[in-house]
Amino acid sequence: MTALQHKDVSPIAHLTPEDIEAIGRELDAIREDVLESRGQSDADYIRRLIAIQRSLELGSRAVLLISMFPPAWIAGTVGLSISKILENMEIGHNVMHGQWDWMRDPKIHSTTWEWDNASPADLWKHAHNELHHTYTNVLGKDHDLGYGLMRVDEEQPWSRAMLAQPLYNFLNMLVFEYGIAVYDLEIGKYLKGRKSKEEFSSGVKKVLRKVRRNALRDYVVHPLLSGPSAIPTLAANVTANVVRNIWTHSVIMCGHFPKGVETFTKQSIEGETRGEWYLRQMLGSANISGGPLLHIMTGNLSYQIEHHLFPDLPSNRYQEVAPKVQALFEKYGLTYVTGSMPHQVASAWAKIIRLSVPSTDQSYLRELDELEQRKPVAA
Amino acid sequence: MRRTTSSSLGGLRAALVRVAAAATTPLLPDDYLDLVAPLRRGTHRARLLAVVPETSSSATLVLRPSAGWTAHAPGQNVRLGVDVDGVRLWRSYSLTSPVRPDGSITVTVSVVPDGAVSTHLVRAAEVGDIVELEGPDGDFVLSSPLPQRALFVTAGSGITPVIGMLRASLAGLDDVVVVHSARTADDVLFGRELRAWASDGRIRLVERHTAADGRLTTDELEQLVPDLADRETWACGPNGLVDAVVGLFEDRGWSHRLHVERFRPVAAVLGEGGSVTFARTGATVDADGSRPLLVEGEDAGVLLRSGCRMGICYGCVVPLEEGAVRDVRDGAITVAAPGDGVLIQTCINAPAGPCVIDA
Ligand code: FES
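So the sequence lines, in the order shown, correspond to chains X and Y.
Sequence positions in the first sequence follow my numbering and run 1 to 379.
Sequence positions in the second sequence follow my numbering and run 1 to 359.
Don't take each hint at face value.
[Stated by the list, open to error] List of simulated lysine to any residue pairs, SDA-like, C-alpha gap at most 25 angstroms:
1. X:LYS107 <-> Y:LEU146
2. X:LYS266 <-> X:MET173
3. X:LYS351 <-> X:ARG194
4. X:LYS107 <-> Y:ALA67
[What the hints assert, rightly or not] Where chain X lies over chain Y, by a calculated footprint (3+ residues, C-beta under 8 angstroms):
5. 15-29
6. 62-68
Since the hints were derived computationally from the structure, they do not count as laboratory data.
Glycine is no exception: its CB is placed at the ideal position from the N, C-alpha and C atoms.
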């Protein structure tokens, strides 16, 4: 099915088409179990979390009103950073995935949610839910593979500009929310003429409006409200945004870039069955291991594999399905890629650095080998 | 002088609102106020103050609406949005209270077999719960001036809007006949109150116990109320009863004196497929229920949004205005009654009966 076949050892060579469909059925059954038991306690979970996050934000912003006192600055900045991370990850990302649409609460719904991020919800939902989640790790289709800037897979062609990709990645990390917004505008698609001018410029307008509003809030209104503490409050807001950017960037790198994650060719997904789609999600994602706090702070993207298999199941349930999913990997001899946060972040960075230089092309090497062998012994 | 002060106050207020909005974007100041004052002016909610059992399968809920609630006219109804098992469901209920000085209102709910909302409200709702509240609505109310002679023909929980009218206006009504049907004497909602009024001579009450005596016919109604021709009449109950009364009044040419209220049918027709109406475009297609709404719509030339076309991206969500759909992946049925606007994914839902889509 795959670019996997380019690899020396295909990780799915041992699976028959029947196996693949059987995997699909088992995953459907896991999904079904969650749907059947989904109810009040899940609804209570997301409402409680939203209340906690909003209270934390209000509290932190209140403390920052006197941020000229260093302890207030520290407490307020830590609180605001955590609040922004929760808002983007466990709440915003998951609500916009439709994970909570089943509650039929118009205030917690994918069609009405807007988040504290430069990318407006509708642009983000298109780029993320419709493209990335549908074409996960398909080379040339899933632009999350290096965001069109970087080479994160051996199969992607190298160009000289990529020598600087560790630097781009670092800068992108610092301003990640703007990076996402630019990415969601699909500039590449527009330049290639596959996106109309009207659509593109209306997107640009939406992004600018959103950026302006968020900047006004964080860098003007709250500092001014702090009176004599204006400068420290401004610094606190900048810090919280950067902390949130670094954190979300790191978590997201862990999802698809670490070692062991597979990619796929465009042809491989033509006529893909449900089982094959599931299999692609299984092989194309990586988890982060850790405790409950890590899971909440990553928006349960620490269960990236489970999230990609079941993007619309409530995130608080990934934890309980993970052992079942992992058992399935074992049963079918597949590798469940997981590791601690530092390990996965390092692995992703290592890949970005390694691929910034052209690969030692293995097929080329093999041809050389063959040539060597054919060479007359005494030339 | 006063004008200047009040307009500059208004200006100050508007400026404060703008600052608050700028400080809370992308949320609204309201989203934070909801944390502390969910029933403040401008919201549409109510807090449950008490649950008072009526019959074995019904109860009256006493509710305190948000500040600024518009007083109702007895006979009108409200829509309650209740979270049952985490899912917000909406139902209409008649108000059974007169307008009260303390601003509280009551609705009386009877458990409907398999009725998720009614069962929840009667059996599981707890004092302090907050529900969504919309209304009041409806023109099933007493006429003004009050009629000299009034007749109320009701059955089952069809008595609920009528009890509200009687509680509010009985003092002003000289001649009232109530013909009420219920399965047994014990099933008569507000039985004690109605019988007390009857024994005080304030109303004439005719109880019909259908388990023993069968359903009331229009012939019997004419015999029971010989001066039917002279009475302003209100009828409320199951469709069978209301249809019969409407038929009788039409035949006699008395329709202008008849007021009716029907119960909203809660269960949609379930089947293998059905006609799908795309309300905005005006297209209607006959679907056999084997293909998703998205495909049916596209084939009929309706512009529908979509993304993954496999149920994961939620790029295809539109409101189901009415009818039933079936999730092609697991067979789960989603039902909407008029006004519900349940949001559904068109790419994985196929019609499971006639349905109307807002697209
Ligand atoms: S098109 Fe993606 S969920 Fe329907």
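Those earlier numbered hints the structure runs against, lowest number first: 1, 2, 3 and 6
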